[in-house]
Amino acid sequence: RAAADEAIDTSDLHLHEIERLQWPSTPAAQARLDLHLSDAFFAWALKLGRGQIDPRSADVKWFIELPSPDVVGLLEQAIAAGDLGVAVEALTPHSAAYRALRRQFVRYRELAARGGWPLIPARGPKLVPGAVHADIPVLKRRLRLTGDLGPGDDEAWFDETLAEAVRRFQRRHGLQDDGVVGRRTRLALSRPVEQRLQQIALNLERWRWLPRDLGQRYILVNMAGFELQVREDDEVRLSMRVIVGKPFRATPTFRENMTYLVFNPYWNVPGKLARRDLVPALLRDPAYFERKRIRVLSGWDADAVELDADDIDWAQYSGGRYLPYRLRQDPGPDNSLGRIKFMLPNPFSVYLHDTPSRHLFQRPVRTFSSGCIRVEKPVALASYVLGEGWDGRTVLEAIDAGRNRVQRLKTPIPVYVLYQTAWVDEAGRMQFRDDVYRRDRRLAGLLPTALVRPPLSPGDDSLTPADPSISLLGR
Numbered sequence: 001r002a003a004a005d006e007a008i009d010t011s012d013l014h015l016h017e018i019e020r021l022q023w024p025s026t027p028a029a030q031a032r033l034d035l036h037l038s039d040a041f042f043a044w045a046l047k048l049g050r051g052q053i054d055p056r057s058a059d060v061k062w063f064i065e066l067p068s069p070d071v072v073g074l075l076e077q078a079i080a081a082g083d084l085g086v087a088v089e090a091l092t093p094h095s096a097a098y099r100a101l102r103r104q105f106v107r108y109r110e111l112a113a114r115g116g117w118p119l120i121p122a123r124g125p126k127l128v129p130g131a132v133h134a135d136i137p138v139l140k141r142r143l144r145l146t147g148d149l150g151p152g153d154d155e156a157w158f159d160e161t162l163a164e165a166v167r168r169f170q171r172r173h174g175l176q177d178d179g180v181v182g183r184r185t186r187l188a189l190s191r192p193v194e195q196r197l198q199q200i201a202l203n204l205e206r207w208r209w210l211p212r213d214l215g216q217r218y219i220l221v222n223m224a225g226f227e228l229q230v231r232e233d234d235e236v237r238l239s240m241r242v243i244v245g246k247p248f249r250a251t252p253t254f255r256e257n258m259t260y261l262v263f264n265p266y267w268n269v270p271g272k273l274a275r276r277d278l279v280p281a282l283l284r285d286p287a288y289f290e291r292k293r294i295r296v297l298s299g300w301d302a303d304a305v306e307l308d309a310d311d312i313d314w315a316q317y318s319g320g321r322y323l324p325y326r327l328r329q330d331p332g333p334d335n336s337l338g339r340i341k342f343m344l345p346n347p348f349s350v351y352l353h354d355t356p357s358r359h360l361f362q363r364p365v366r367t368f369s370s371g372c373i374r375v376e377k378p379v380a381l382a383s384y385v386l387g388e389g390w391d392g393r394t395v396l397e398a399i400d401a402g403r404n405r406v407q408r409l410k411t412p413i414p415v416y417v418l419y420q421t422a423w424v425d426e427a428g429r430m431q432f433r434d435d436v437y438r439r440d441r442r443l444a445g446l447l448p449t450a451l452v453r454p455p456l457s458p459g460d461d462s463l464t465p466a467d468p469s470i471s472l473l474g475r
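The numbers in the sequence shown follow the numbering used here, run straight up by one, and end at 475.
These are computed hints drawn from the structure, not numbers from a lab.
Certain hints may be false.
Here are the in silico distance ranges between beta carbons for each label pair [said to hold, decoys possible]:
1. 85 - 238: 46 to 56 angstroms
2. 393 - 83: 46 to 56 angstroms
3. 107 - 82: 46 to 56 angstroms
4. 438 - 154: 30 to 40 angstroms
5. 123 - 318: 41 to 51 angstroms
6. 363 - 402: 22 to 32 angstroms
7. 277 - 345: 21 to 31 angstroms
8. 183 - 107: 23 to 33 angstroms
9. 38 - 266: 54 to 64 angstroms
10. 402 - 260: 15 to 25 angstroms
11. 238 - 283: 40 to 50 angstroms
12. 397 - 438: 40 to 50 angstroms
Below, simulated BS3-like cross-link-like pairs (lysine-lysine); rule was C-alpha separation at most 27 angstroms, straight line [as the list claims (entries may be wrong)]:
13. 246 - 272
14. 272 - 61
15. 272 - 292
16. 377 - 246
17. 61 - 292
18. 377 - 410
19. 126 - 61
20. 292 - 377
All C-beta atoms, glycine included, are put in the ideal place defined by N, C-alpha and C.
The whole structure should be built from the sequences, with the hints applied where relevant.
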């Protein structure tokens, strides 16, 4: 049962055989029981301690090393202590976020066993405050089951109380919280509890792929939630919105230490980005480089010299052809990296940075970058990671000085860039997000405890909801 509560497949744990042999009457039966118990422990311990599958088989952009639990040593400790809980505690992810998500898994499984919730059709009219429609009583019952709406009537009238409940539901699902049941909200309401249960199971598995000790303080970037959290002593000290890579330039999943930041950074445009985006922009608008304060350098060496862009036949580099020059944008308010960049050296050249395009943080889905992570509150983040002596005013003074400046952190801070489509927020509310990078879809096809049918793609209302009779472990 404990394995099932973790959303772990129990089919190879010999549970029926162990139950049959739990009162062995012969030495041979005792030997078989001991063998089954040992094998079940090792199978369960590896699944709990490092996950049920290799993450790279589900996510080619996963670059965090798997835990390596000493299951033999843990078994010996548990036997010596006469308490299997010693091993369970060591193997289970230590984060409060994992424990909260596991509790929600049990809750949603119980809800599914009671028949789940009524489904709102994915297609139908837009429901707005003041409307009267046959879907509204169903909507009220649906929202009550997840705690978005309190007790009340089931009349077919859309009142302001219902509108506020819809807004709560929308915020929990990363939707525009306008209180209107439009196409995307209908699609989210059409998902059966079994799909949400599966989504929780997938994200519990992702937690098991992570180190057991994330650190006393760390930064967690959730790509699917478009959010950054600074966590200290397992509590959120700072949070903000982020912008991540476009689906075809997806941000990878990795862990590195943030070691320094740069005030008023230059932007050395990556070669591929220069070929794909900037050269075509210059060919359309000959004043583009001048307006954006982009300089052309002879190469990537430290002794590269500046060239006159007007002396270069840029047409020969169209169509993504190899570009022998380096394009560099000067520091300033229009710099694509904004006024601060946060460096966590890694093989992917991914870092956190400010941005002049502040309006994009208001979008509910924020996949606009070329892979790097744009942060909503760069001054607050800089103040936190730099620590003592760096309040908001000091950070702004460094920016206003206008000088390109490297500032090292006194203590490096781990940064985890993760993909979580289901989690429990600080207020205890269950949060779900669309599978913008289709990583849930791939994982669902591999995980033994996944639903038979993978989740729908975001915005795909041409598909009908999964069969509500499907359980987490199959039909």
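We went through each hint and held it up to the structure:
1. 85 - 238: 46 to 56 angstroms: Taking Cβ atoms as reference, residue 85 and residue 238 lie about 34 angstroms apart, which means the hint is violated.
2. 393 - 83: 46 to 56 angstroms: Holds, since residue 393 and residue 83 (Cβ atoms, about 53 angstroms apart) stay within the stated range.
3. 107 - 82: 46 to 56 angstroms: 32 angstroms, violated
4. 438 - 154: 30 to 40 angstroms: 37 angstroms, holds
5. 123 - 318: 41 to 51 angstroms: 44 angstroms, holds
6. 363 - 402: 22 to 32 angstroms: 30 angstroms, holds
7. 277 - 345: 21 to 31 angstroms: 24 angstroms, holds
8. 183 - 107: 23 to 33 angstroms: 29 angstroms, holds
9. 38 - 266: 54 to 64 angstroms: 60 angstroms, holds
10. 402 - 260: 15 to 25 angstroms: Taking Cβ atoms as reference, residue 402 and residue 260 lie about 19 angstroms apart, which means the hint holds.
11. 238 - 283: 40 to 50 angstroms: Check passed, 42 angstroms falls within 40 to 50 angstroms.
12. 397 - 438: 40 to 50 angstroms: Given a distance of about 44 angstroms, which is inside 40 to 50 angstroms, the answer is holds.
13. 246 - 272: 15 angstroms, holds
14. 272 - 61: 19 angstroms, holds
15. 272 - 292: 18 angstroms, holds
16. 377 - 246: Roughly 21 angstroms separates the two Cα atoms, so the pair holds.
17. 61 - 292: 32 angstroms, violated
18. 377 - 410: OK: residue 377 and residue 410 at ~21 angstroms, within 27 angstroms.
19. 126 - 61: 38 angstroms, violated
20. 292 - 377: 23 angstroms, holds
When held up to the earlier numbered hints, the structure conflicts with 1, 3, 17 and 19 and fits the remainder.
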